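Q: All chains, full assembly: derive it from the sequences and hints.
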Amino acid sequence: MTDLRIKLREDFILRNPLLTASGTYGYGDEIADLVNPELYGGIVTKSITLKPRAGNPPPRIAEVTSGMLNSIGLANIGVDKFLEEKAEFLADYGGKVIVNIAGSKEDEYVKVIKKLSDRQWIAAFEINVSCPNVTEGGIEFGKDPSILGRLVRKLRNTTDKFLIIKLSPNVTDIRVLALAAQENGADALSMINTVYGAAIDIYTRRPKINTVVGGLSGPAIKPIALANILKTYKEVDIPIIGIGGISCGADVIEFLLAGAYAVQIGTANFYNPGICAEALDFIKQYCMENKINCLQDIIGQVKV
Amino acid sequence: MRVFKVTKVLSNRMVATDTYLMEFAFPEISRSAQPGQFVNFYFSGRPQLFPRPFSIAGVNGENLSILYKKVGCLTEIMTQWQPGQKVRVLGPLGNTFNINHKNHVLIAGGVGLAPLLFLNQKLAGSNYKIWNFVGVRSKDQLPTLSLLSGKNYIATEDGSAEFCGTIVDCFRNNLGAIPRPFSVYACGPEKMLSALWQLSRENHFDLQLSLEKIMACGLGICQGCAIPYSHPSERPLRLVCQDGPVFNANELDME
Chain A
1 MTDLRIKLRE DFILRNPLLT ASGTYGYGDE IADLVNPELY GGIVTKSITL KPRAGNPPPR
61 IAEVTSGMLN SIGLANIGVD KFLEEKAEFL ADYGGKVIVN IAGSKEDEYV KVIKKLSDRQ
121 WIAAFEINVS CPNVTEGGIE FGKDPSILGR LVRKLRNTTD KFLIIKLSPN VTDIRVLALA
181 AQENGADALS MINTVYGAAI DIYTRRPKIN TVVGGLSGPA IKPIALANIL KTYKEVDIPI
241 IGIGGISCGA DVIEFLLAGA YAVQIGTANF YNPGICAEAL DFIKQYCMEN KINCLQDIIG
301 QVKV
Chain B
1001 MRVFKVTKVL SNRMVATDTY LMEFAFPEIS RSAQPGQFVN FYFSGRPQLF PRPFSIAGVN
1061 GENLSILYKK VGCLTEIMTQ WQPGQKVRVL GPLGNTFNIN HKNHVLIAGG VGLAPLLFLN
1121 QKLAGSNYKI WNFVGVRSKD QLPTLSLLSG KNYIATEDGS AEFCGTIVDC FRNNLGAIPR
1181 PFSVYACGPE KMLSALWQLS RENHFDLQLS LEKIMACGLG ICQGCAIPYS HPSERPLRLV
1241 CQDGPVFNAN ELDME
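These protein sequence lines map, in sequence, to chains A and B. Taking this note's numbering, the leading residue of the first sequence gets 1, the next gets one more, and so forth. Taking this note's numbering, the leading residue of the second sequence gets 1001, the next gets one more, and so forth.
Bear in mind the hints are in silico, worked out from the structure with no lab data behind them. Be careful, since some hints might not be right.
[Unchecked claim] For lysine-lysine, the following DSSO-like pairs were computed, each having C-alpha atoms within a straight-line distance of at most 30 Å:
1) A:Lys284 <-> A:Lys303
2) B:Lys1191 <-> B:Lys1213
3) B:Lys1213 <-> A:Lys51
4) A:Lys7 <-> A:Lys291
5) B:Lys1086 <-> B:Lys1151
6) A:Lys231 <-> A:Lys161
7) B:Lys1008 <-> A:Lys284
8) B:Lys1213 <-> A:Lys81
9) A:Lys143 <-> A:Lys105
10) A:Lys284 <-> B:Lys1086
11) A:Lys284 <-> A:Lys154
12) A:Lys154 <-> A:Lys143
13) A:Lys161 <-> A:Lys115
14) B:Lys1102 <-> B:Lys1008
15) B:Lys1005 <-> A:Lys284
Nothing here was measured: the structure is a model prediction, and the numbers come from that model.
A: Structural data, given as structure tokens:
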């Protein structure tokens, strides 16, 4: 039997490298009847903000070639209701609970983290500095290395929990942002968030989503994610969690070879509720056939 | 209870131009599924990612049926499915119609007939009175299905069969003859639903509409199928997949 465990740090070990991507698995409990959350190494929650958010007006999604365009706009129940309604389920969860946090001001991130930091069941925070679909904050924190560095430093001084910074591909050089996060105390990076995208209905001549430009996800962005991970892996010392269009077990292996320690499955949760179980089966089979005893051993082992 | 499984197509036949009735085995939910609810069909290895939602059009023992129209490449693939074809399906999803009165008016536009076929099936055989209004563009689009229980009205927009005009016009002409109180259940194109919504405001009748929106998941997770709620102070948006697809007219603003 292959050891599927992945060590991101001495005290942060995942039972397997599969995580849910924020916004594609709710808060963990909503579809637990259909997709067993215990198959996953961990759950990354939907982005939580200080106050509840209804999100953007419709239309907020469109289907594009091998992809999905969205402009949901961080619709969520807010940190207080999150603690009230979801703590019980998540406290019982056997994998890692990673709470994704978004904000429009530095102070908002800090306040949310302060409200959550004493909860034993939260293993890590993933900081969303790269949402393309909100007018204030969001991606603004993820574009300028000095602004990002200052935010990460503030959050580092607020919590001892494992701190993951989720990076955007919508920048000239993602490595600059990755290094800024690392230098200011991030424990890991996750990449990539959605890629800027747009689509137009040729009959109504209207954009297919309300914000005109939204976030592209799904298999269409997988090569973009891989390119960013390959570049960044060589530059940073902290682990990378790969995200972007993963739709099967072979994709997971590809991301690990590129340098990702773990991966997040996002849009595929929507179009294949069996994705996690299928991917795990493939990974086990692949490791057996290729005589891999320890899945961790293949991280970054692409031959370049 | 929702179930995700691989099942088999049992039959798949054309019942009108570009319109098909497909039956498939789904014993896990055939007893619990209610009119208004829908099922997702999944397609793998294609550039179109999202599952496609279809209203349940009827239950026959342990089997479910859907009525669908060929509108894009995925529904075109579906038309080629033969009995025995393995398909991945998830359901039942969404809410159901509320049965408030003894007199029931079912109004269908095109393939919007699907959930109303199932509702008619559930209402039939009781002491309910049923009026069915079925509207299509032309005669060839009228599904060759066994007659619906109750009184039937048909409208064609080109006048090739029965009433010439929209189904909402046809209903308006007969509205006075239907004893009150009654409930109207409708599914069809947005224009038709909006005309009915207007009519219900003027004529004060209970109206429940089954809506359709693009969904990436059908489970309330992607939050993509949001629609404005008529009382924005409570919760400004509702999800068609989870809060619907059936909404009361007073929950919607279709002006």
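Q: For B:Lys1102 and B:Lys1008, compute the direct alpha-carbon distance and say whether it is at most 30 Å.
A: Not satisfied, since the Cα-Cα distance of roughly 37 Å exceeds 30 Å.
Q: CA of A:Lys161 to CA of A:Lys115, is that 30 Å or under?
A: At roughly 13 Å apart (the allowed maximum being 30 Å), A:Lys115 and A:Lys161 satisfy the hint.
Q: Given the hint that A:Lys231 pairs with A:Lys161, does the C-alpha gap stay at or below 30 Å?
A: Holds, at roughly 27 Å.
Q: Please verify whether B:Lys1213 and A:Lys51 have alpha carbons no more than 30 Å apart.
A: 28 Å, holds
Q: B:Lys1086 and B:Lys1151 were given as a pair; does the straight-line alpha-carbon distance stay at or below 30 Å?
A: Violated, at roughly 38 Å.
Q: Are the Cα positions of A:Lys284 and A:Lys303 separated by 30 Å at most?
A: Given that 30 Å is the threshold and the Cα spacing comes to 22 Å, the pair holds.
Q: Given the hint that A:Lys284 pairs with B:Lys1086, test it: the Cα-Cα distance must not exceed 30 Å.
A: 26 Å, holds
Q: Please work out if B:Lys1213 and A:Lys81 have their alpha carbons no farther apart than 30 Å.
A: 28 Å, holds
Q: Could you grab the alpha-carbon distance between A:Lys143 and A:Lys105 and see if it respects the 30 Å cut-off?
A: Holds, at about 15 Å.
Q: Compare the distance between the alpha carbons of B:Lys1008 and A:Lys284 with 30 Å, and conclude whether the hinted pair is satisfied.
A: 29 Å, holds
Q: A:Lys7 and A:Lys291: Cα distance at most 30 Å?
A: 20 Å, holds
Q: For a C-alpha distance cap of 30 Å, please report whether A:Lys284 and A:Lys154 respect it.
A: 40 Å, violated
The structure shown violates the earlier hints numbered 5, 11 and 14.
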